[in-house]
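There are 2 protein chains.
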Amino acid sequence: MDQNHLAFNLNPNVSVDCAVFGFDKGGLKVLLIERDNPDNTEGKNYQLPGDLIRNDENLDDAANRVLRELTNIDKLFLEQFAAFGDPQRVKRENDLEWLRSVRKDPEARVVTIGYYSLIKPENFKLAANSFARKAEWVNVKEVPELAFDHNQILTSALEALKLKMRTVPVGFELLPKKFTLHQLQSLYEAVLGTEIDKRNFRRKILGMKFIVPLDEKQKGVAHKPAQLFQFNKKNYNQNFSLAFDFQ
Amino acid sequence: MDQNHLAFNLNPNVSVDCAVFGFDKGGLKVLLIERDNPDNTEGKNYQLPGDLIRNDENLDDAANRVLRELTNIDKLFLEQFAAFGDPQRVKRENDLEWLRSVRKDPEARVVTIGYYSLIKPENFKLAANSFARKAEWVNVKEVPELAFDHNQILTSALEALKLKMRTVPVGFELLPKKFTLHQLQSLYEAVLGTEIDKRNFRRKILGMKFIVPLDEKQKGVAHKPAQLFQFNKKNYNQNFSLAFDFQ
Chain A
1 MDQNHLAFNL
11 NPNVSVDCAV
21 FGFDKGGLKV
31 LLIERDNPDN
41 TEGKNYQLPG
51 DLIRNDENLD
61 DAANRVLREL
71 TNIDKLFLEQ
81 FAAFGDPQRV
91 KRENDLEWLR
101 SVRKDPEARV
111 VTIGYYSLIK
121 PENFKLAANS
131 FARKAEWVNV
141 KEVPELAFDH
151 NQILTSALEA
161 LKLKMRTVPV
171 GFELLPKKFT
181 LHQLQSLYEA
191 VLGTEIDKRN
201 FRRKILGMKF
211 IVPLDEKQKG
221 VAHKPAQLFQ
231 FNKKNYNQNF
241 SLAFDFQ
Chain B
1 MDQNHLAFNL
11 NPNVSVDCAV
21 FGFDKGGLKV
31 LLIERDNPDN
41 TEGKNYQLPG
51 DLIRNDENLD
61 DAANRVLREL
71 TNIDKLFLEQ
81 FAAFGDPQRV
91 KRENDLEWLR
101 SVRKDPEARV
111 VTIGYYSLIK
121 PENFKLAANS
131 FARKAEWVNV
141 KEVPELAFDH
151 NQILTSALEA
161 LKLKMRTVPV
171 GFELLPKKFT
181 LHQLQSLYEA
191 VLGTEIDKRN
201 FRRKILGMKF
211 IVPLDEKQKG
221 VAHKPAQLFQ
231 FNKKNYNQNF
241 SLAFDFQ
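Chains as they are written, first to last, in the numbering used here: chain A, 1 to 247; chain B, 1 to 247.
If you are wondering where the hints come from, they were derived from the structure by calculation, not from laboratory data. This structure is a prediction, so every number in the text was calculated from the model and none was measured. One or more hints might be untrue.
The list makes no distinction among identical chains, and a pair is therefore deemed to hold if it is satisfied within one copy or across any two copies.
Straight line, CA to CA, 27 Å or less: simulated DSSO-like cross-link-like pairs of lysine-lysine [as the list claims (entries may be wrong)]:
id, residue 1, residue 2
1, Lys209, Lys91
2, Lys224, Lys164
3, Lys134, Lys234
4, Lys217, Lys178
5, Lys198, Lys178
6, Lys164, Lys204
7, Lys219, Lys141
8, Lys233, Lys141
9, Lys217, Lys125
10, Lys234, Lys162
11, Lys224, Lys125
12, Lys219, Lys178
13, Lys104, Lys120
14, Lys224, Lys162
15, Lys219, Lys164
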């Protein structure tokens with residue numbers, strides 16, 4: 001990405017990196033990009049999409065720009081979850097070699113602000129003018145060694161997403177608007193990385209007044225069509241309370 | 001703080017800022033420091049404690065250093081909650097004037113990483129070698145206009161603390177080891193900024209198996225001594241589940 005932007009006034013010390021999560025039948029995926037190594041001898045070299053921030057740009061805008069350039073979609077759901085500032089995080093030799101080929105100040109210390117995003121893989125279309133040689137969805141269980149500290153950033157993003165999904169209803173961005181309880185359970189299982197007892201899941205979900213059954217069933221499926229459900233924001237706002245709310 | 005550290009290799013673009021919360025009979029307080037303005041004409045000029053990071057230091061260490069220098073206490077409870085990167089955040093004229101008096105590169109854009117901390121005010125002792133003219137506890141409801149974007153950082157820190165306290169049992173750092181339900185309720189009311197119905201509060205808290213009654217009552221109080229309670233971590237780990245846990 002940096003190569004395309006030498007014209008911009010990039011801050012040498014601050015970047016954003018994005019863990020973009022998607023969900024399909026294959027499970028929970030993350031979007032990785034493959035960087036061009038200077039001499040092409042390194043083979044595959046994956047990283048999370050990210051870039052130095054421009055000096056006239058705030059952090060959220062920088063993260064949004066990175067995702068827009070990658071997906072052609074503007075203003076995706078994006079949540080800042082942590083900053084990463086190990087002084088050694090961009091000092092590995094093969095990372096430095098790449099940085100020397102694309103950055104003005106490759107030796108500079110970089111603190112990066114981590115964001116995660118949730119999108120439906122079928123909505124994703126690699127931008128024609130993309131900076132990356134290639135972008136691909138990789139199952140979170142099969143992520144290879146990444147550049148810099150991106151494995152740590154990804155782990156931390158996944159932990160933040162897990163905590164969020166255990167706390168409040170989030171992740172509906174990853175499902176169709178009308179979904180079956182089986183789809184909802186599969187999403188929780190994929191993100192939380194555990195199997196959930198079907199009866200416990202249904203009992204608890206149906207006790208939540210904001211996941212409401214529709215007068216509608218699946219269409220065009222080979223098996224017995226299942227009931228469809230929808231998330232109801234109004235019911236949620238009226239009914240949901242956290243463990244330490246005392247109304 | 002910067003004046004004392006010109007010998008160190010400070011990164012011009014990245015800082016940490018700390019919202020240190022304390023709780024006493026007067027309510028929820030935040031620790032503010034008063035900076036010396038170059039010509040002393042500005043009157044009071046409060047800010048959150050913070051500093052540029054050193055180039056050999058990670059973010060948590062920088063935040064810990066700031067608090068250690070201020071309180072003489074090492075390794076306080078510290079939680080990173082957000083990064084702030086508005087390109088204009090250090091560009092107000094009276095802030096620039098101060099920066100010119102203490103920083104090598106006062107015009108540099110600074111992205112700051114926000115931390116919050118919880119401490120008991122009675123444990124706080126201003127360090128003799130403190131960088132600040134004065135540090136003081138200010139009720140969160142009476143915070144004046146602060147330097148830079150520190151009002152925004154404080155608001156955001158308080159929101160992060162509120163969400164955390166609504167979600168999981170946190171904040172016991174601010175209470176005596178053995179506490180009354182009245183003290184616990186006062187803490188929740190002070191942080192959440194709302195009154196709580198006493199009966200609802202007691203019913204819900206006593207239903208939580210990890211806040212356990214002791215065979216002990218308050219001593220040396222004028223009124224009828226109240227039952228003391230303690231937080232039990234083992235019971236918590238065994239019994240607590242979030243809204244979307246499905247065990």
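Comparing the hints with the structure gives:
no.	hint	result
1	Lys209 - Lys91	neither (51 Å within a copy, 48 Å between copies)
2	Lys224 - Lys164	neither (33 Å within a copy, 43 Å between copies)
3	Lys134 - Lys234	neither (41 Å within a copy, 48 Å between copies)
4	Lys217 - Lys178	within (9 Å within a copy, 55 Å between copies)
5	Lys198 - Lys178	within (19 Å within a copy, 41 Å between copies)
6	Lys164 - Lys204	both (17 Å within a copy, 23 Å between copies)
7	Lys219 - Lys141	neither (32 Å within a copy, 56 Å between copies)
8	Lys233 - Lys141	neither (32 Å within a copy, 32 Å between copies)
9	Lys217 - Lys125	neither (30 Å within a copy, 65 Å between copies)
10	Lys234 - Lys162	both (24 Å within a copy, 22 Å between copies)
11	Lys224 - Lys125	neither (33 Å within a copy, 69 Å between copies)
12	Lys219 - Lys178	within (12 Å within a copy, 59 Å between copies)
13	Lys104 - Lys120	neither (35 Å within a copy, 47 Å between copies)
14	Lys224 - Lys162	neither (32 Å within a copy, 46 Å between copies)
15	Lys219 - Lys164	neither (32 Å within a copy, 42 Å between copies)
Consistency with the previously given hints fails for numbers 1, 2, 3, 7, 8, 9, 11, 13, 14, 15, ordered from lowest to highest.
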